[in-house]
Amino acid sequence: MAETKQVIVKVKRQAGPKEAARWEEFSLKWRPSMNVIICLRDIAENPVTRDGKKTTPVTYDSNCLEEICGSCAMLINGKARMACSALVDQLEQPIRIEPMSKFPLVRDLAVDRQFMFESLKRVKAWIPIDGTYNLGEGPRVSPEVQEKGYPLSNCITCGNCLEVCPQVNEHNQFVGAAIISQVRLFNMHPTGAMNKSERIAAIIGPGGIQECANAQNCVHACPKGIPLTESIAEVNRDAWKQALLSWLVG
Amino acid sequence: MRQPKIIVVGGGLAGLMATIRVAEAGIPVDLFSIVPVKRSHSVCAQGGINAAKNQKGEGDTVDKHFDDTIYGGDFLANQPLVKRMCEAAPGIIDLLDRMGVMFNRTPEGLLDYRRFGGTLYHRTAFAGATTGQQLLYALDEQVRRHEAEGKVKKFEGATFLSAVIDGGGVCRGICAMDLRTMEVKTFTADAVIFATGGNGAIFGRSTNSVVCTGSAQAALFQQGVDYANGEFIQVHPTAIPGEDKLRLMSESARGEGGRVWVPRNPAEKRPPKSIPEAERFYFLEEWYPKYGNLVPRDIATRAIHRIVYQEKLGIDGQPAVYLDVTHIPRETLDRKLEGILEIYEKFLGVDPRVEPMKVFPAMHYTMGGIWVNGEDQASNVPGIYAAGECEYQYHGANRLGANSLVSCIFGGGIAGRAAVKYAKNLENSAESTPAAVFDGERKRQEEKNHKLINQDGSENPITIWRELGQVMTEHVTVTRINKDLEMTDGKIRALQERYKKINLSDRTKWSNQTLNFARELENMLVLARVITLGALARNESRGAHYKPDYPDRDDANWLKTTRAKWVNNDIQLTYEPVDISLIKPRPRRYDAAK
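Heads up: the protein sequence lines correspond to chains A and D, in order. Straight run, no breaks: the first sequence in this note's numbering ends on number 250. Straight run, no breaks: the second sequence in this note's numbering ends on number 594.
Watch out, some of these pointers could steer you wrong.
Facing chain A, according to a computed beta carbon distance under 8 Å, are these residues of chain D, among others [said to hold, decoys possible]:
id, residue
1, Val35
2, Cys44
3, Arg98
4, Tyr137
5, Ile343
Quick list of simulated restraints, FRET-style, between CB atoms [stated by the list, open to error]:
id, chain 1, residue 1, chain 2, residue 2, range
6, A, Pro139, D, Gln496, 53 to 59 Å
7, D, Ala436, A, Ser101, 44 to 50 Å
8, A, Arg50, D, Glu497, 29 to 35 Å
9, A, Gln6, D, Lys346, 20 to 26 Å
10, D, Met487, A, Glu45, 22 to 28 Å
11, D, Met487, A, Tyr133, 50 to 56 Å
12, A, Ala193, D, Thr332, 27 to 33 Å
13, D, Gly26, A, Glu198, 20 to 26 Å
14, A, Lys148, D, Ala436, 56 to 62 Å
15, D, Glu375, A, Ser197, 43 to 49 Å
16, D, Asn539, A, Pro139, 50 to 56 Å
17, D, Ala537, A, Glu92, 49 to 55 Å
18, A, Arg50, D, Ala278, 52 to 58 Å
To be clear, the hints were calculated from the coordinates, so they are not data collected in a lab. Note that CB positions come from ideal geometry on N, CA and C, so glycine has one too.
Excised from the complex, chain A in its bound form (with noise of 0.2 Å):
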């Protein structure tokens, strides 16, 4: 009988905030098409380790699975990644999988990411409708516009960017480069731009704009492609004029 190929994963282990970590390698079976995810599902059915001891399932935190929620974000050998993109016959083995290291930790491989959440609502990154009642169409936007903002908008939270600034540590409060980049998106739209102002404001001070140090390590790990760097240029410059013409006037 032909011997089946194994998958080695070596998983990094918390059991909680204060709890200490440790790493815990897993034989697997090999699949076609496998992903991460395919491996934690597997060792959730099997838990137990190569040398075989009995553990616990690992948690971590997956929901669409095609890369557009935002959830699976992980260290893949060292990088920030999506789990579920992350095809196992491209990866080097053993495979290390760990926590981001940029957001409190929650067990095994989660994390808590409401810090993002709560950067969206500090440079109010909406559109300020009236109300949900008929009030007609909205206003005509410019294919060329279009073209613009949906890529912005694709972002889906995931922390990646943060994950790889070294501008996001103890130190600071930065929010980083996806935050900075709705602030581009809501400004570019009609509507939204009546706003601007607001959102140049909050996102100026402590843990603002000016903390980016233009390492630009951003632009390569975000999964969506986002032009990152563009739009903290765009920003960037939005918020000198503004604090220029506030200069100005007095």
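Given chain A's structure and the hints, the job is docking chain D onto it.
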């Protein structure tokens, strides 16, 4: 005056729309969701949203949208509310447009529209091929604004366990579990709106997200909330097979001109691009000349099954057919379909702009769901409302593409308003409910958890789930045969017995996902039986429900809604007439114009 309070369970399109409506009425909302609402399954909707705006000058009207929807659903939907939805659809598009959705535009700056299945009109507004994501984000942003203003309180990372129902049979709130602390708590509300989505997980692998288990619906069902048309499950014709998930390839690929074909020669060995036109079998175009590749999903799915299993023409003898967009200019593909083409490229490593995609049908949508009245999304239990995919109202025996997003937003909006009205007029508010009612429910749920965590058993929940998915997919999807359905019900009952010996392999009380999954699994098994028994009883073929032994629609005996009830701890099927007051049923065929 007393301030009423409303709970919404589920943060997809329907739940968020309901939340906005309640918040706008100035009533506080508690919004519960397993995942952060921005990660809800609505993000997976791809192709677009229907509204008869007639923006291409084709003479499209609300009545035509209404007729297409009823006809597409094989006359099983109650008609008046469907008509209201079609009337409301253009206004819903306007609203989303005002919220800033980055819809594709015409050169004049107007919304662009594409064609979709089951219609001959360009009726589908779209934002690339990620329309669901874009709509969900728009509503998520509005809810975040209400949250920032203190009108909405989110409970993300909490799962619904059961409703709190008082001695008079009135819903007074919910019992939920925090998925980190695993703490079980009750929450008081005068009305609760459920928007908990579909139940793809019952079929193991589907196009649905992980959270789409149907667990909430099943829990409510076992508390006396009726469940309608469970047997109607939509299998989408074009998905990419995968081990963990069957990833959707949107109907919009065909709406933009994509063609489905197989080589005429079953022994064909050449790569698809080098097979000449004359040697390709465009079977949908040949069999359905009027609608071609845009026949409704049930028709396309059965055609693909016929090609693969009867004609033995699957690519390389495998269960797969080509979905070909390689003849469409690259610029058009990138502007209108990039989102889905990227999925194919990422997960298969093949560029579908260059090489035809290989696809096969996959479980996709739950037409059946919580029974609601034909008026305002109210269930049979006072205080419980349902909207979106978790209820049964709008799609009859088969949903038309791009009608789900509109039904979610329409139904959510109605449910929000109706819940407000109900809560305001309630004689005895939920606050006056004796504490014992809440304590009793909480204890019942805590005991379940305690038992599951502590029991020693030999069965693994993932194994039971995978077996359930296999038997459901094989026998309760595209083709249904009574003896197989009987066998399937026996198998599910056997799984329920094995479930009693389940072992969680995790006894910790912090972020224990296995405990939550085990609880969902118990509910999935119940709902699986509702689906299977409904299919077994319905001896006809209608829409997505197809029995080769009963190949025709049988209006004399089966033009009726299945309404499952939970009686003496078991499933009882009852039936009620369908409201066909507006369009008289006629034969449904897609090989010629209607």
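Query - Status of the given 53 to 59 Å range, CB of D:Gln496 versus CB of A:Pro139 - result: For D:Gln496 against A:Pro139, whose Cβ atoms are near 56 Å apart, the range 53 to 59 Å holds.
Query raised in the report: Regarding the hint that D:Arg98 lies at the interface with chain A, is the smallest CB-CB distance below 8 Å?
Result: Check passed: Cβ of D:Arg98 comes within 4 Å of chain A, closer than 8 Å.
Query raised in the report: Is 27 to 33 Å right for how far apart the beta carbons of A:Ala193 and D:Thr332 are?
Result: holds, 29 Å
Requested in this report: Please verify that hint: D:Ile343, Cβ, nearest Cβ of chain A, below 8 Å or not.
Outcome: At 5 Å from the nearest chain A Cβ, D:Ile343 passes the 8 Å test, so the hint holds.
Query raised in the report: Taking the CB of D:Met487 and the CB of A:Tyr133, does the distance hold inside 50 to 56 Å?
Result: Check passed, 53 Å falls within 50 to 56 Å.
Query raised in the report: Does the Cβ-Cβ separation between A:Gln6 and D:Lys346 fall within 20 to 26 Å?
Result: Given a distance of about 25 Å, which is inside 20 to 26 Å, the answer is holds.
Query raised in the report: Taking the beta carbons of D:Asn539 and A:Pro139, is their distance inside 50 to 56 Å?
Result: Holds, since D:Asn539 and A:Pro139 (Cβ atoms, about 54 Å apart) stay within the stated range.
**Report entry** Satisfaction of the hinted span 43 to 49 Å by the C-beta atoms belonging to D:Glu375 and A:Ser197
**Finding:** holds, 46 Å
Query raised in the report: Should the hint that D:Met487 and A:Glu45 are 22 to 28 Å apart at their CB atoms be regarded as holding?
Result: holds, 25 Å
Query raised in the report: When the nearest CB of chain A is found for D:Cys44, is that gap smaller than 8 Å?
Result: holds, 5 Å
Query raised in the report: Was the hint right that D:Val35 lines chain A, CB cutoff 8 Å?
Result: holds, 5 Å
Query - Satisfaction of the hinted span 52 to 58 Å by the C-beta atoms belonging to A:Arg50 and D:Ala278 - result: With a Cβ separation near 56 Å, A:Arg50 and D:Ala278 satisfy 52 to 58 Å, so the hint holds.
In this structure, every one of the numbered hints holds.
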